[in-house]
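Residue numbers (my numbering), protein chains in the order written: chain S, 316 to 925; chain E, 316 to 925.
Honestly, I wouldn't trust all of these hints.
For identical chains, the list gives no copy identity; a pair is met inside one copy or between any two copies.
Stated by the list, open to error - Capping the alpha-carbon separation at 20 Å, the derived lysine to any residue pairs in SDA-like fashion look like this:
1. 398 - 415
2. 788 - 585
3. 795 - 533
4. 401 - 350
5. 367 - 767
6. 367 - 761
7. 548 - 355
8. 694 - 740
9. 795 - 544
10. 351 - 540
11. 553 - 404
No lab work stands behind these hints, which were simulated from the structure alone.
Keep in mind that this is a model prediction, so the values were computed, not measured.
2 protein chains.
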Amino acid sequence: MSHDDCKAWCYSRQNPVVQPLLTDLYQITMAYAYWKSGKINDYAVFDLFFRKNPFQGEFTIFAGLEECIKFLERFQYSDSDIKYLKSTMPSSVDPGFFDYLKNINVNNVTIYAMQEGSVTFPRIPLLRVEGPLITVQLLETTLLTLVNYASLMATNAARYRMVAGKNITLLEYGLRRAQGPDGGLSASKYSYVGGFDGTSNVLAGKLFNIPVSGTHAHSYITSFTSIDDLQAKTLAHKQTGEVYDLLELASKYRDAIAGDLGSIVSEASSGELAALISYAIAFPERFTALVDTYDTKSIEASAKQNTFITSINVKNKLLNKGSSAHTQNGVRNNTLISEPTSHHKNGLLRRGELGELYVRSGILNFCAVALALNDVGYKAIGIRLDSGDLAYLSNAARDIFERLAIKYNIPWFARMIIVASNDINEETIISLNEQSHKINCFGIGTHLVTCQRQPALGCVYKMVEINGQPRIKLSQEVAKMNIPGKKNAYRLYGADGYALIDILQRSTEEEPQVKQKVLCRHPFQESKRAYVIPTRVEPLHKVYWKNGKVCEPLPTLTQIRDRVQESLKTLRNDHKRNLNPTPYKVAVSDDLYNFIHDLWLQNAPIGELS
Amino acid sequence: MSHDDCKAWCYSRQNPVVQPLLTDLYQITMAYAYWKSGKINDYAVFDLFFRKNPFQGEFTIFAGLEECIKFLERFQYSDSDIKYLKSTMPSSVDPGFFDYLKNINVNNVTIYAMQEGSVTFPRIPLLRVEGPLITVQLLETTLLTLVNYASLMATNAARYRMVAGKNITLLEYGLRRAQGPDGGLSASKYSYVGGFDGTSNVLAGKLFNIPVSGTHAHSYITSFTSIDDLQAKTLAHKQTGEVYDLLELASKYRDAIAGDLGSIVSEASSGELAALISYAIAFPERFTALVDTYDTKSIEASAKQNTFITSINVKNKLLNKGSSAHTQNGVRNNTLISEPTSHHKNGLLRRGELGELYVRSGILNFCAVALALNDVGYKAIGIRLDSGDLAYLSNAARDIFERLAIKYNIPWFARMIIVASNDINEETIISLNEQSHKINCFGIGTHLVTCQRQPALGCVYKMVEINGQPRIKLSQEVAKMNIPGKKNAYRLYGADGYALIDILQRSTEEEPQVKQKVLCRHPFQESKRAYVIPTRVEPLHKVYWKNGKVCEPLPTLTQIRDRVQESLKTLRNDHKRNLNPTPYKVAVSDDLYNFIHDLWLQNAPIGELS
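Throw the hints in and build the complete structure from the sequences for me.
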């Protein structure tokens with residue numbers, strides 16, 4: 316078996332690092348102590364849940380279920396695992412334990428879970444894991460690892476999708492900033508689940524069938540010094556096959572449009588032109604160009620006093636020519652008029668102010684090549700902006716595209732795509748939306764994959780029942796208490812179709828009924844109660860694993876991705892908004908309320924004062 | 316080949332996800348465009364470096380080199396990779412390119428690198444990668460992925476080590492909060508490199524030969540309801556083999572010491588006692604117990620008005636009995652005297668105030684079992700605190716241990732280990748140090764593995780030379796400019812043995828000489844210059860990969876770990892301190908300074924004003 320076959324073999328199932336030893340040592344030491352104390356037949360129920368929604372939001376997307384189930388399918392300690400454990404644990408450990416461990420399996424484990432891709436909330440178990448105490452304890456860390464980051468990432472991606480709106484393309488570009496190789500793969504996978512459209516990560520594309528995308532880096536541009544570096548200059552016409560000199564065409568267009576852009580041909584980089592022509596020859600049907608490589612030319616000369624003037628001049632030029640075009644076109648009028656004030660509010664140059672220099676080199680060269688391509692039968696795709704003031708630059712670029720579309724009577728030119736990719740996060744997108752921009756696509760890396768705003772979800776795995784007896788873990792903080800006993804969860808919907816409340820009940824209670832009054836209580840605050848009359852009742856858990864078998868069909872990644880959007884649609888906007896969202900209510904039934912509080916008092920004896 | 320063999324096979328080399336397709340698509344599209352434009356024989360030099368130290372610090376630890384080299388050793392596109400790329404790239408791509416890609420190898424690539432585990436600084440290349448343009452471009456993303464998180468994590472761990480001091484044991488507990496399975500593995504590996512002593516992650520232990528550690532979770536305690544759950548109660552004496560009833564012994568001790576602890580036996584949990592006895596029977600030589608499971612008993616009854624009084628009473632009791640013990644012992648006197656004021660400063664109960672309730676149940680039960688174990692010939696290891704006011708609780712626990720050590724004349728009892736593990740970060744440790752504590756070991760999870768304070772390092776990979784011509788990427792921000800050309804780096808040491816400055820030179824310059832004046836210049840600020848007379852000159856780069864072979868022995872993980880501490884020792888404390896550290900200087904030679912600035916002016920033509 317070659318290494319490649321091996322990789323394929325491993326991956327057809329799951330990342331090979333997901334295995335029983337991917338756990339905390341204390342799970343194994345506890346297993347031994349349980350075994351040693353004769354607790355082999357103890358039967359336990361654990362809830363896997365989180366206590367607080369991430370990112371100061373009020374919802375979470377549940378993800379990672381398929382990986383949990385695949386982990387169970389393959390759960391077995393190998394001989395080398397046992398050998399390692401023997402060498403690690405004290406020599407006093409009874410050898411019988413290792414035989415026990417070698418033969419342990421998960422056939423007696425039952426897993427109830429929410430549907431992967433569902434919107435979920437604090438305290439609602441994402442998984443309920445039942446089975447022999449030792450076995451279910453041994454599953455803890457791996458299940459947490461598989462659910463925690465997957466859910467955090469999917470939630471983060473879903474939040475980006477919400478602020479960007481459904482018409483914007485979102486691409487994940489974070490591989491190089493992820494927590495190592497597999498962190499990068501998980502990021503690509505779960506950002507797709509959360510609503511991204513694709514990734515730059517080729518292996519993620521191959522393994523998970525996610526669309527991949529990418530153009531070129533600045534280094535591509537800088538690897539060309541001048542026109543002399545251009546070895547191939549020709550391209551055959553898409554339809555006729557006639558061979559054209561792309562350099563000649565592009566140079567002609569560059570001269571013809573420089574005035575429209577307020578650019579000066581001599582200031583544009585000829586290395587950049589060469590690079591773009593070569594790229595267009597390689598990808599005539601997918602020509603997208605990074606246009607900010609030479610964004611800073613002449614900074615030295617003009618940064619302090621001159622650029623301000625220059626930029627105003629450039630803007631006025633755009634404005635004069637642009638506004639007439641706009642008026643003719645009947646579209647947005649004078650988008651740029653407010654720019655000078657907003658951008659130079661305090662008479663200060665802000666970062667990105669110099670971006671109009673793009674116009675001089677990058678956008679000029681790009682438009683020249685795109686117009687040349689048009690003559691050869693190809694439609695360019697668009698540009699990528701990787702620095703500067705993205706709102707201003709996207710408006711300026713769009714304005715240029717629109718004017719050239721009219722000038723040359725090629726309407727598609729106005730609709731070319733503008734990709735932005737410089738350190739984007741949720742707040743940047745919100746701010747860009749407020750300023751109004753013409754970006755069609757965001758490429759998002761660091762902030763997305765590291766979940767910078769909150770890099771861990773904090774799921775926990777708590778025992779709620781053992782041998783039929785409920786277990787409560789009291790805590791100084793009420794928020795940290797778990798809800799004891801085996802429970803079912805339901806989502807109650809209102810007449811408007813939106814989810815109203817999630818309710819946890821004891822597993823022995825009857826399911827809430829449509830059109831019947833359900834008393835919903837806050838789990839810890841006595842006086843917080845409400846009657847709910849649901850128009851729809853959705854049981855939130857299904858059995859996914861029982862008797863050593865998968866019991867529910869596992870959806871494809873695309874289906875999970877669709878589920879996320881459907882599930883989010885059932886949530887009122889005030890729960891989803893970025894600023895001060897309304898908490899969604901998670902309640903307990905009256906029966907469960909009394910059960911919790913009886914147990915609480917029972918377990919909290921009255922102190923004695925001395 | 317079994318799945319296990321396969322895993323072993325894969326891992327003997329490297330995580331199988333580290334492969335050429337673990338990259339951004341644009342590397343492949345650029346490769347095609349280069350190929351298509353006939354740039355097959357172009358030769359490029361790239362620097363991999365970062366621009367800013369993480370965590371508001373002034374140093375970074377370089378890690379991930381071994382993984383980079385292993386990646387090169389195996390660099391080859393597989394047939395299935397090529398098949399996937401064919402299906403993904405436009406159909407117009409010349410099939411000859413795929414043949415080229417299939418046969419590409421890294422035999423003509425040369426990698427210069429810093430030693431793994433070295434302290435390093437902004438702008439100094441961690442790697443210098445030279446070779447055919449297309450090949451070195453194709454390496455970019457994977458190299459960045461392998462270096463970025465590894466270095467960030469090692470740096471984070473080294474910072475924890477510094478604030479904790481060298482006598483504290485540091486354990487990484489972050490698997491469940493890491494960025495997925497492999498994120499967890501990388502975290503364990505590189506926190507060990509940075510100075511941690513071990514991990515809870517068993518697979519990391521197995522794969523990387525890192526010490527693993529762990530005891531039990533709260534669920535272990537709560538799985539025992541009462542003494543009746545205790546099936547085995549006996550333990551044979553370590554030396555004599557005589558069988559003892561551990562329950563009887565522990566119960567006897569519990570009655571005997573409750574008064575010393577200010578505890579009331581009836582308030583201690585008997586389920587907890589049963590759990591601890593069972594755990595001691597399983598691990599008599601490694602008995603460590605989590606003592607905060609029943610930390611909150613009687614909160615309901617006493618939280619608002621009574622506990623304050625109770626806690627003061629408990630403290631006074633400790634104080635009265637404790638201080639005489641201390642005086643006898645001649646050790647720290649009245650550690651607890653200042654506690655009531657500092658803890659109840661404003662007459663308010665703070666989180667953790669109720670922690671003395673540990674004393675009532677957890678610590679009482681632990682001490683009873685530890686004393687019982689002592690009668691059977693075993694020495695208990697210690698306790699773990701997972702909630703509450705860790706400074707106060709560790710002092711209280713140590714005080715109890717010390718008094719019982721005297722009472723029973725067992726000096727080792729005073730030295731038992733106290734592990735703390737609740738949401739620890741750098742600031743918590745600093746704050747605990749200020750308050751004075753008696754913790755011997757920190758178990759650190761979320762904040763360590765997610766690098767919460769700064770979850771990405773931001774290494775970049777920039778072309779600095781092509782076909783012998785230097786390349787400069789100008790930027791609006793001077794900090795974002797790269798230093799062009801092929802460079803060597805040296806560290807100059809002063810007479811006191813500390814590192815004074817790092818200097819970058821053109822590769823054609825002569826090495827700085829010991830005891831000879833070296834003019835060091837700020838790369839961008841003309842007037843910032845200094846003469847340095849080094850007592851030692853350390854070349855920072857070695858060739859690690861050339862002609863398809865590894866050229867330097869790759870150190871073991873432990874050697875890299877040692878290197879980190881040695882390297883940090885050469886750095887003055889003011890560069891390493893947590894608050895407002897002094898920036899370490901990174902300079903350029905006069906020759907390089909002039910070279911940069913000539914090139915800058917050459918590339919930044921004078922703008923024209925209209």
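As a check of your reading, is residue 367 near residue 761 (CA-CA no more than 20 Å) within one copy, between copies, both or neither? Cα proximity of residue 367 and residue 761: across copies only (15 Å, versus 23 Å in one copy).
Regarding residue 553 and residue 404, is the shortest C-alpha distance of 20 Å or less found within a copy, between copies, in both, or in neither? between (69 Å within a copy, 18 Å between copies)
Can you give me the call for residue 788 and residue 585, within, between, both or neither, at a CA distance of at most 20 Å? between (70 Å within a copy, 15 Å between copies)
Could you figure out if residue 795 and residue 533 sit no more than 20 Å apart (CA to CA) within one copy, between two copies, both or neither? between (49 Å within a copy, 13 Å between copies)
Should residue 694 paired with residue 740 be assigned to within, between, both, or neither, using CA atoms and 20 Å as the limit? neither (31 Å within a copy, 54 Å between copies)
Taking 20 Å as the upper bound on the Cα-Cα distance, should residue 351 and residue 540 be classified as within, between, both, or neither? This pair counts as between: shortest inter-copy Cα distance 17 Å, intra-copy 73 Å.
If the cut is 20 Å between Cα atoms, do residue 367 and residue 767 qualify within a copy, between copies, both or neither? both (17 Å within a copy, 17 Å between copies)
Alpha-carbon proximity context of residue 398 and residue 415, limit 20 Å: within (14 Å within a copy, 45 Å between copies)
Taking 20 Å as the upper bound on the Cα-Cα distance, should residue 795 and residue 544 be classified as within, between, both, or neither? Answer is neither: 65 Å inside a copy and 26 Å across each miss the 20 Å cutoff.
Same-copy or cross-copy closeness of residue 401 to residue 350 [CA-CA at most 20 Å]: Close inside one copy (16 Å), not across copies (54 Å); limit 20 Å.
At most 20 Å between alpha carbons: which applies to residue 548 and residue 355, within, between, both or neither? So residue 548 and residue 355 pass the 20 Å test across copies only (16 Å; inside, 76 Å).
Violated hints, listed in ascending order, are 8 and 9; each of the other numbered hints is respected by the structure.
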